[in-house]
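Asker: Spelled out from the first residue to the last, the chains are:
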Amino acid sequence: MTDTSKELSELAESIFGDADSSETGFDAALWESLEQTGLARLTLPADAGGSEAEFADAAVVLTAAGRNAARAPLVETDLQAGWLLHAAGIPLPDGPLTLATGDLDVTRTVTRAAGTLHRVPWARAAAGIVMLAGDQVLLFDPAALTITDGTNLAEEPRDTVVVEGEVTAAGVEEHVGAQLRLRGALGRALLLAGAAEGALAAAVRYAGERVQFGRPIGRFQAVQQQLAIAAAEVAAASAATSAAARVADADGFGAASTRFAVAVAKTRAGEAAGVVARIAHQVHGAIGFTREHDLRLVTTRLWAWRDEDGSEAEWAELIGTEVLDGGPDALWPLIAGAP
Amino acid sequence: MTQTPTRLPALVPPPVELPPRAATLRAEVRAFLAAERADGAWAPRADVWLSGWDERFTKELGRRGWLGMTIPTEYGGHGASPLDRYVVTEELLAAGAPVAAHWVADRQIGPTLMRFGTEEQRRKFLPGIAAGEVYFGIGMSEPDSGSDLASVRTKAEKVDGGWELTGTKVWTSGAHHAHAFFALARSAPRDEQNRHAGLSQFIVELDAPGVQIRPIPLLTGAHDFNEVVFDHVFIPDTMVLGEVGAGWHQVTSELAFERSGPERFLSTFPLLTALVAELAGTSAGHDAGTRRAVGSLVARLAALRRMSLAIAGALESGAAPELAAAVTKDLGTRFESEVIDAARLLLAIPPDPGAESGYARLLADAVLHAPGFTLRGGTNEVLRGIVARGLGLR
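Protein sequence lines, in the order shown, are assigned to chains L and B.
Number 1489 in our numbering belongs to position 158 of the first sequence; there are no gaps in the numbering.
Number 330 in our numbering belongs to position 315 of the second sequence; there are no gaps in the numbering.
One should not assume that every hint holds.
Stated by the list, open to error - Some chain L residues well away from chain B (every beta-carbon gap over 10 Å; in silico): (1) D1358; (2) S1364; (3) D1425; (4) R1443; (5) A1474; (6) V1493; (7) G1496; (8) A1509; (9) V1542; (10) F1544; (11) L1558; (12) G1619; (13) T1631; (14) E1648; (15) G1651.
Said to hold, decoys possible - Simulated restraints, written as ranges between beta carbons of each label pair: (16) L:P1670 to B:G260: 43 to 49 Å; (17) L:D1378 to B:A56: 58 to 64 Å; (18) B:R409 to L:S1345: 29 to 35 Å; (19) B:R130 to L:G1508: 52 to 58 Å; (20) B:P34 to L:D1378: 32 to 38 Å; (21) L:Q1543 to B:G260: 39 to 45 Å; (22) B:Q208 to L:P1670: 52 to 58 Å; (23) B:E89 to L:G1585: 28 to 34 Å; (24) B:P34 to L:E1341: 51 to 57 Å.
Simulated from the structure, these hints should not be mistaken for laboratory data.
Cβ coordinates follow ideal geometry from the N, Cα and C atoms, glycine included.
Please work from the sequences and hints to get the whole structure.
Answerer: Written as structure tokens, this is what we have:
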């Protein structure tokens, strides 16, 4: 780790570590700290209020956010909605932003839209809700929308939004949609990798503290073997996601190499999520299955996030399609690169 | 979180970039392998680093400068970086090329001689290793010492001008073809307070008087493993490896190099390639479930390669990421068997050990070799014990 990323890691850890993650909903105090430190719009250009950092830096911040179960729309603001608005040349509203997906009736002149958008992340807290409809980027003013609260498995806001009225709109190039999807998947995969670390850390700590049969349960080989299996999953998720961030930095989101690396990252982190959550709960016994215990903050996120921005089934199918369409001679170069 | 979370030790080192010349090197190796295959020199096989003994192929690699790459030029090597060697090695394994003859010598004997060997030992063995003409084995396990390596009983007794070795080593791959091996032996009586003390490593030339080599056939009947028996074998003082009594330290540092390489997840890669060849363009290959299963395997493989490369980068910069190496080997060797499960379930082609080559043969070899994947180089259970210690649990 370079000095800069070490500093960034320490900064992120201190900010997320100080936040109260046991509540639900948007953490306004945390968001304020993230804005003050430039982490809220880390990768965006300066003219979009961003810090112009690399995705490798975002990887450090997002894994720390996942590890600490941060209640903030970082992926949505920085990697998705903010980027999309900037790509369309629409000025960014201040504050947290979010991205909606779904179908709307949009007028031919793109000045009015109507319809219902489901499971919009953090909609109730967003200063701007953005979506891509065909080649048009739409920005809705939340004040003019009807928002009904909903959540994902981790009780993060996933709201229903009824749109009826005027929108700000601007066109973007066709490739933006594919890049948007990759950005979301990379961000979510990094959060997953962080949450998996958090669950493993909690289980290791608990195994060292909890005494049964006269010794800490972590002294039993049966428990050690399970934690080692979880550690391997955490390592794989971490390697795949940090590599994907680097490939995105080096090659850009339009490159085939980035598409493959992100698909690998989301698939691998998604597979790790289930294994790590299961083992972390098994090690914690009944207490980890209660509301009073903090383990749920990371394990419910693992269960929620693995299905968001494309489950491992969806991304694995994309990889499998590329592999089977490419045939046997293209398989190894896909993994190790074509010189 | 309300409680400060325990910070975990680094489970994987930071990502590395391959050096710029890696792309050229990779292209050269691929072109060579393609030409060899076009000539029908060999057919891709599973588990080639155990079973693919082909001295012609090994010498050809030596001629091209792809063995002993990290050995300095003054000893006949090429002074290249471990990451250069990584590129060559992964290309050979991915192609299912016959690499067994030089495998041990190239992977660990060369680097160990550079680390612990004397000038005389280096001059004697390294040029031959780099040329692909000198082959080595490993003499660690014994009939009563497997995972518990510190319990070795092969005895080294000091005699005039050297040592006399008596005992038995087992599971020595290729000893019947190899020129020499490193034997771990007890050179001082066992101390129950410090079981790791009193062990030493010796370079044993396998044609020395008193050495007997007997085959231990694999369950297939194939002869890869051997039992090597020493009956008062004289080893001159000049063939002690490193320091007398430091054998444990030397052997465990060797293991760090041995555990995280691409051979820990590529043993069945030729089967995966063959599976893709069989499925591509068929209706089965267009099934979403099949594509997910193949995609999931490729994702696991790509992640393992990232882990393994990151460790290679850390080793190059002088770190010894023992914990990361252990998780990579645990995950990678399990992956090798996951490829077999997918291959069996996605295609109805029964394994055929009698087939000359092709899918049925690859599948047969993979199934019959699979028990070894999670045993060799430290069983997965022992590796998880290392991980547990790294996590602070023991």
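Asker: Does each hint hold? Answer for all of them.
Answerer: Going through the hints against the structure:
1. D1358: Given that every Cβ of chain B is farther than 10 Å from that of L:D1358, nearest at about 13 Å, it holds.
2. S1364: holds, 16 Å
3. D1425: Non-interface label stands for L:D1425: nearest chain B Cβ at 29 Å, farther than 10 Å.
4. R1443: holds, 38 Å
5. A1474: Answer for L:A1474: holds, closest chain B Cβ roughly 34 Å.
6. V1493: holds, 33 Å
7. G1496: Nearest chain B Cβ is 39 Å from L:G1496, so the label holds.
8. A1509: Non-interface label on L:A1509 holds, nearest chain B Cβ at 18 Å vs cutoff 10 Å.
9. V1542: About 14 Å separates L:V1542 from the closest Cβ of chain B, which puts it past 10 Å; holds.
10. F1544: Fine: 15 Å to the nearest Cβ keeps L:F1544 off the interface.
11. L1558: violated, 6 Å
12. G1619: It holds; L:G1619 is separated from chain B by about 13 Å at its closest Cβ, greater than 10 Å.
13. T1631: Given that every Cβ of chain B is farther than 10 Å from that of L:T1631, nearest at about 13 Å, it holds.
14. E1648: violated, 5 Å
15. G1651: violated, 3 Å
16. L:P1670 to B:G260: 43 to 49 Å: holds, 47 Å
17. L:D1378 to B:A56: 58 to 64 Å: holds, 60 Å
18. B:R409 to L:S1345: 29 to 35 Å: At roughly 31 Å between Cβ atoms, L:S1345 and B:R409 fall inside 29 to 35 Å, so the hint holds.
19. B:R130 to L:G1508: 52 to 58 Å: holds, 54 Å
20. B:P34 to L:D1378: 32 to 38 Å: Between B:P34 and L:D1378, where Cβ atoms are some 37 Å apart, the hint holds.
21. L:Q1543 to B:G260: 39 to 45 Å: holds, 41 Å
22. B:Q208 to L:P1670: 52 to 58 Å: Holds - the Cβ-Cβ distance for B:Q208 and L:P1670, about 55 Å, lies within 52 to 58 Å.
23. B:E89 to L:G1585: 28 to 34 Å: For L:G1585 against B:E89, whose Cβ atoms are near 47 Å apart, the range 28 to 34 Å is violated.
24. B:P34 to L:E1341: 51 to 57 Å: violated, 30 Å
Violated hints, in rising order: 11, 14, 15, 23, 24; the structure is consistent with all others.
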